[in-house]
Amino acid sequence: MKHLFLIFLLFEVLLAKSQSNNPEEFKSLRTKSYKGDINIYYNPIMDKYDIHFIKLDLEVTDLSTYISGNATIQAKAIKELDTLMFDFSNYMTIDSVLINDKKTSVDHSNNIIQYIFDTPLNINEEIKTQIFYHGTPYQYGGGVTHSYDNQWNKNVTWTLSESFHAMEWWPCKQVMSDKIDSTHIFLTCDNDCMAGSNGLLKNIVTLPNNKKRFEWKSFHPINYYLISYAVAEYQDYSIYAYPEGSDPIPIQNFVYNNANYLDYNKSAIDQTASMIELYSEKFGLYPFADEKYGHCLTTLGGGMEHQTMTTLGNFGYILVAHELGHMWFGDYVTCATWQDIWINEGLTSYTEYVALENLISYSEAQSWMSTAHTLALEEPYKGVYIPFEDAFNEGRIFNYRLSYKKGAALVHMIRHEINNDDLFFSSLRNYLSEYADSVATGEDFKNSIESSTGINFDPFFDQWYFGKGHPKFDVNYAQIDDTLLLTVSQSTTTSETPLFQMHIDYQINYQGGDTTVRLYQSQNIETFKIPLSQTVANIIVDPDNWILNQQGNVDSIESPGSNQSLFSFYPNPAKETIQINFNPKLYRTEKRIQIIDLNGLIIKDYKLSFTSEPVDISYLSNGFYFIRGISENNVYTYKFLKN
Numbered sequence: 005m006k007h008l009f010l011i012f013l014l015f016e017v018l019l020a021k022s023q024s025n026n027p028e029e030f031k032s033l034r035t036k037s038y039k040g041d042i043n044i045y046y047n048p049i050m051d052k053y054d055i056h057f058i059k060l061d062l063e064v065t066d067l068s069t070y071i072s073g074n075a076t077i078q079a080k081a082i083k084e085l086d087t088l089m090f091d092f093s094n095y096m097t098i099d100s101v102l103i104n105d106k107k108t109s110v111d112h113s114n115n116i117i118q119y120i121f122d123t124p125l126n127i128n129e130e131i132k133t134q135i136f137y138h139g140t141p142y143q144y145g146g147g148v149t150h151s152y153d154n155q156w157n158k159n160v161t162w163t164l165s166e167s168f169h170a171m172e173w174w175p176c177k178q179v180m181s182d183k184i185d186s187t188h189i190f191l192t193c194d195n196d197c198m199a200g201s202n203g204l205l206k207n208i209v210t211l212p213n214n215k216k217r218f219e220w221k222s223f224h225p226i227n228y229y230l231i232s233y234a235v236a237e238y239q240d241y242s243i244y245a246y247p248e249g250s251d252p253i254p255i256q257n258f259v260y261n262n263a264n265y266l267d268y269n270k271s272a273i274d275q276t277a278s279m280i281e282l283y284s285e286k287f288g289l290y291p292f293a294d295e296k297y298g299h300c301l302t303t304l305g306g307g308m309e310h311q312t313m314t315t316l317g318n319f320g321y322i323l324v325a326h327e328l329g330h331m332w333f334g335d336y337v338t339c340a341t342w343q344d345i346w347i348n349e350g351l352t353s354y355t356e357y358v359a360l361e362n363l364i365s366y367s368e369a370q371s372w373m374s375t376a377h378t379l380a381l382e383e384p385y386k387g388v389y390i391p392f393e394d395a396f397n398e399g400r401i402f403n404y405r406l407s408y409k410k411g412a413a414l415v416h417m418i419r420h421e422i423n424n425d426d427l428f429f430s431s432l433r434n435y436l437s438e439y440a441d442s443v444a445t446g447e448d449f450k451n452s453i454e455s456s457t458g459i460n461f462d463p464f465f466d467q468w469y470f471g472k473g474h475p476k477f478d479v480n481y482a483q484i485d486d487t488l489l490l491t492v493s494q495s496t497t498t499s500e501t502p503l504f505q506m507h508i509d510y511q512i513n514y515q516g517g518d519t520t521v522r523l524y525q526s527q528n529i530e531t532f533k534i535p536l537s538q539t540v541a542n543i544i545v546d547p548d549n550w551i552l553n554q555q556g557n558v559d560s561i562e563s564p565g566s567n568q569s570l571f572s573f574y575p576n577p578a579k580e581t582i583q584i585n586f587n588p589k590l591y592r593t594e595k596r597i598q599i600i601d602l603n604g605l606i607i608k609d610y611k612l613s614f615t616s617e618p619v620d621i622s623y624l625s626n627g628f629y630f631i632r633g634i635s636e637n638n639v640y641t642y643k644f645l646k647n
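Counting from 5, one number per residue, gives the positions in the sequence shown under the working numbering.
It is worth saying that the hints were derived from the structure and are not from the lab.
Note that the structure is predicted; figures quoted are calculated from it, not measured.
Please note that the accuracy of each hint is not assured.
To be verified - The list that follows gives simulated cross-link-like pairs (lysine to aspartate or glutamate, EDC-like), each with its CA atoms no further than 20 angstroms apart:
#1 Lys-132 x Asp-99
#2 Lys-386 x Glu-447
#3 Lys-216 x Asp-196
#4 Lys-608 x Glu-594
#5 Lys-286 x Glu-368
#6 Lys-450 x Asp-462
#7 Lys-216 x Glu-237
#8 Lys-450 x Glu-421
#9 Lys-106 x Glu-129
#10 Lys-52 x Glu-129
#11 Lys-286 x Glu-438
#12 Lys-83 x Asp-185
#13 Lys-221 x Asp-61
#14 Lys-643 x Asp-620
#15 Lys-386 x Asp-466
#16 Lys-646 x Glu-580
#17 Lys-215 x Asp-240
#18 Lys-533 x Asp-546
#19 Lys-611 x Glu-594
#20 Lys-106 x Asp-122
#21 Lys-221 x Asp-240
#22 Lys-183 x Asp-51
#23 Lys-643 x Asp-478
#24 Lys-611 x Asp-601
#25 Lys-216 x Asp-194
Input sequences plus hints: build the corresponding full structure.
Laid out in structure tokens, this is it:
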């Protein structure tokens, strides 16, 4: 277990960064080292009621993380309910509680609010809870953070609740499956500040004592960890996106009220509009088009996809593309459990590639994918799906190499398997439509794209999503007459996934041109026969970098008939026997054949009586070997495949 002080230092250093290659690097650093102090595990009592409305009416400040105010929670019993429970940190002080408008005593211990009904609620019975509270949230958890931006001379305070931190600043139900139907977030702050949040800014109310209240309302379902606020001396810089077939969509940016800030960042902020227009074309109309998209600027070392109002630390292209992509993949449709974080982070990371591919250049997108592969290959023994024992470890949930980069590589490979871009993007739109305003697992995604494409993705997901590691391809090829024999030997980094069955492209280069063939590998060693009259100069495996793989060797097996001065043989590949044909002129000399493994060990040494004889190889295991012919002072060796 890491010391909390070290974690705090790491977090503070990260906050000071202006930009990171990882748009959400801070997530993986916020390990839950103190998880024993809070209840983050499944509690079946919370499955007995469904929240349909939240109102947070809070006084906040840009000078500290201190909060005071109240939370109203309206819910309905979906099972007989004898106990009402909410997650809420013991660091916060409860002043009073009203249940159905009656002042009530509750137990607040072990980071849980608990109330036992005198008479259990019946199914469909409504309950309204209003909790008045104040306090300074736990400073190491990340629920609320205060910082000072030295470059722009601004104080700023913001929330960040993913994945287990909402309870650090408001009483909530940290259950992924219960999306809240609608929210009101009312934020009172000093008159020189502005406070941003989810949904539409319906009203700004002037209050006594140089205060004002920002009243935000949203009528889209939202997961508990996506509710947010940020407060600072902001200015509102709003622009619009114009997706085809839609009304204009407002993009509301709360950026520092500094005379130079927009001069430095306006062009970067403006790029958001073209991204919304592109994503609306590819994934379906921006899901919250009747409200807004927006950004709240902070010193966060990356970004967080708070629904309709991303919190971020800069307007870097990849960062904006990523957090905007979350509005579809993560907010509109959310992972059902933290084990399935790929539904959020893998699919969203791929939107970065889509933005580069369509708005910048194909070469930039390919460079991005090459980097993603390099990072993913650094985890050769692990998989994307998170086992239950790691489902509460934020370091594993937000593992950049696995959840983000390998996750994006999986989406790219799914696109290659579908092999039809129109169908690929329509399958994504169908998935989003099917699970709109809800949650989904990786299995749900698989079933959805199977329904859209008619392709069986069971083997792919068993290998790439639930499996571990990645493949390596070694290729040997030979030409006989007008046929290219292409033998692909696949090894993997872990025995838990001994084979990746999938389509792979091979670029065959020859003088005057090249051709690309698409082959499906269904076993570890497989030989393909390809009609080809040109003389092959080279073969490139996966030339367009679709597949997450470790490139192996590509070798030419010399044509068996090319050295008639000594001997030739056939077939290659061979199963039971190899027919040996020595030069007839050598009929009076001693002739020997040796079978040698790839380590140079002589497995068998045959003395031949005739110039043409069969040699038994049935005892060999499948794989590559050398066959050496010896006569007088001549020695020649070929490579062959036993299968």
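Each hint, compared with the structure:
Only pairs whose Cα atoms come within 20 angstroms are accepted, and Lys-132 paired with Asp-99 is accepted, the gap being roughly 17 angstroms. Restraint check: the Cα-Cα separation between Lys-386 and Glu-447 comes to about 19 angstroms, which is no more than 20 angstroms; the hinted pair holds. A threshold of 20 angstroms between alpha carbons decides the hint, and for Lys-216 with Asp-196 the separation of about 9 angstroms falls inside it, so the pair holds. For a cut-off of 20 angstroms, the pair hint linking Lys-608 to Glu-594 stands: about 17 angstroms separates their Cα positions.
Taking the CA atoms of Lys-286 and Glu-368, the gap is about 19 angstroms. The hint holds against a cut of 20 angstroms. With a C-alpha separation of about 8 angstroms, the suggested pair Lys-450 and Asp-462 falls inside the 20 angstroms cut-off, and the hint holds. Between Lys-216 and Glu-237, the direct Cα distance comes to roughly 13 angstroms. Compliance with the 20 angstroms bound is thereby established for this hinted pair. For the hint linking Lys-450 to Glu-421, the alpha-carbon distance of about 13 angstroms falls within 20 angstroms, and the restraint holds.
A distance of roughly 17 angstroms separates the Cα atoms of Lys-106 and Glu-129; the hinted pair therefore holds under the 20 angstroms criterion. Note on Lys-52 and Glu-129: the hinted pairing holds, with a Cα-Cα distance of about 11 angstroms set against a maximum of 20 angstroms. Distance check on the hinted pair: Lys-286 and Glu-438 sit about 16 angstroms apart at the alpha-carbon level, within 20 angstroms; holds. Restraint check: the Cα-Cα separation between Lys-83 and Asp-185 comes to about 19 angstroms, which is no more than 20 angstroms; the hinted pair holds.
The suggested pairing of Lys-221 with Asp-61 holds, with an alpha-carbon distance near 12 angstroms, which does not exceed 20 angstroms. About 16 angstroms separates the Cα atoms of Lys-643 and Asp-620, which keeps this hinted pair within 20 angstroms; it holds. Our distance criterion of 20 angstroms between C-alpha atoms is met by Lys-386 and Asp-466, whose separation comes to about 13 angstroms. Of the supplied pair hints, the one linking Lys-646 and Glu-580 holds, its CA atoms being roughly 8 angstroms apart against a limit of 20 angstroms.
Using a Cα cut-off of 20 angstroms, the hinted pair Lys-215 and Asp-240 holds, with the two alpha carbons roughly 18 angstroms apart. With a C-alpha separation of about 18 angstroms, the suggested pairing of Lys-533 with Asp-546 holds against the 20 angstroms cut-off. A hinted pair counts as satisfied when its Cα atoms are at most 20 angstroms apart, and Lys-611 with Glu-594 qualifies at roughly 8 angstroms. Of the pairs offered as hints, the one joining Lys-106 and Asp-122 holds, with about 14 angstroms between alpha carbons and a cut-off of 20 angstroms not exceeded.
Simply put, Lys-221 and Asp-240 have alpha-carbon atoms about 18 angstroms apart, close enough for the 20 angstroms limit, and the pair holds. For a cut-off of 20 angstroms, the pair hint linking Lys-183 to Asp-51 stands: about 12 angstroms separates their Cα positions. Between the alpha carbons of Lys-643 and Asp-478 the distance comes to roughly 14 angstroms, so the proposed pair stays at or under 20 angstroms and holds. With a C-alpha separation of about 18 angstroms, the suggested pairing of Lys-611 with Asp-601 holds against the 20 angstroms cut-off.
Pair hint Lys-216 plus Asp-194 holds up; C-alpha atoms about 6 angstroms apart against a cutoff of 20 angstroms.
The structure agrees with every numbered hint stated previously.
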